[in-house]
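Asker: Sequence:
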Amino acid sequence: MLVLALDSAGSACSAALWRDGSVLARRFAVMARGQSEVLVPMIADVMAEAGCAFTQLDLLAVTVGPGAFTGIRIGLSTARALALAADKPLAGITTTEAIAAAIAPADRAGHTIMVVVDSRRAELWVQLFGADLTPLGPIAALRPQQAAALVNGPVILAGDGAKLVAPLLPRASLADQDYLDAVSVAGLAADRWPHAVLPPEPLYLRPADVTVSAA
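For what it's worth, the working numbering labels the leading residue of the sequence shown as 9, then goes sequentially.
The hints are simulated quantities; they were obtained by calculation from the structure and are not laboratory data. Here the structure is a predicted model, which means the values were calculated and not measured. Backbone N, C-alpha and C fix where the C-beta goes; we use that ideal spot for every residue, glycine too. Hints should not be assumed to be uniformly reliable.
Claimed, not checked - Below 20 Å or equal to it, Euclidean Cα-Cα: the simulated SDA-like pairs (lysine to any residue) are:
id : residue 1 : residue 2
1  : 96        : 209
2  : 171       : 152
3  : 171       : 157
4  : 171       : 116
5  : 171       : 187
6  : 96        : 199
7  : 171       : 186
8  : 96        : 59
9  : 96        : 61
10 : 171       : 189
Claimed, not checked - Pair by pair, the computed Cβ-Cβ distance ranges are:
id : residue 1 : residue 2 : range
11 : 129       : 37        : 19 to 29 Å
12 : 59        : 162       : 39 to 49 Å
13 : 131       : 64        : 36 to 46 Å
14 : 89        : 161       : 39 to 49 Å
15 : 161       : 57        : 40 to 50 Å
16 : 49        : 95        : 17 to 27 Å
17 : 88        : 185       : 23 to 33 Å
Build out the structure end to end from the sequences listed, making use of the hints.
Answerer: Dropping the structure here:
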């Protein structure tokens, strides 16, 4: 299966072209802002490097959140436009499951995985996974102390908010990669399509910061 995956929901921006477990091309940059300027050029570079046309794709995949409102919208609108133009299906993947899946199976063994996404507010977006990536509960908005109280025993912290919880769990291990990568999104989408993916709709865990006045 040939999959083009995109992510701009968090503190990084990436695009990856993936086929049957192999990465054909990838672009990645750490950035809290500016994804709208770089995501489309990243996609163009990935497709050009692999010599691939959009009509050759089997599936597109995109992160749906949780994450930054603007970043989620950028990724979803770009993915929807590409899927519509190429007449290809589009799968949604949560940021938390994509971050967890990036940890190597050998490293996950015997551990609980705590994915922590920095919301840039007092609360973090947190989800626990078993070593086999089975979710151990829903995504929750928690303060660092509340997140730390969720786990006992060996735990791996992952995500761009992991270092905010790590001081409260001194025996925890930190994942090697802090940021979500579209490569992980592509692999998950291919493994789960078509029955265990989300619709390409935004996953928001709190209201928008800006509201329109009724006046």
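Asker: Hint by hint, note whether the structure agrees.
Answerer: Against the structure, the hints:
no.: 1; hint: 96 x 209; verdict: 16 Å, holds
no.: 2; hint: 171 x 152; verdict: 10 Å, holds
no.: 3; hint: 171 x 157; verdict: 15 Å, holds
no.: 4; hint: 171 x 116; verdict: 18 Å, holds
no.: 5; hint: 171 x 187; verdict: 12 Å, holds
no.: 6; hint: 96 x 199; verdict: 17 Å, holds
no.: 7; hint: 171 x 186; verdict: 9 Å, holds
no.: 8; hint: 96 x 59; verdict: 18 Å, holds
no.: 9; hint: 96 x 61; verdict: 12 Å, holds
no.: 10; hint: 171 x 189; verdict: 18 Å, holds
no.: 11; hint: 129 x 37: 19 to 29 Å; verdict: 24 Å, holds
no.: 12; hint: 59 x 162: 39 to 49 Å; verdict: 44 Å, holds
no.: 13; hint: 131 x 64: 36 to 46 Å; verdict: 42 Å, holds
no.: 14; hint: 89 x 161: 39 to 49 Å; verdict: 45 Å, holds
no.: 15; hint: 161 x 57: 40 to 50 Å; verdict: 43 Å, holds
no.: 16; hint: 49 x 95: 17 to 27 Å; verdict: 23 Å, holds
no.: 17; hint: 88 x 185: 23 to 33 Å; verdict: 27 Å, holds
This entry satisfies every hint, going by the numbered hints stated previously.
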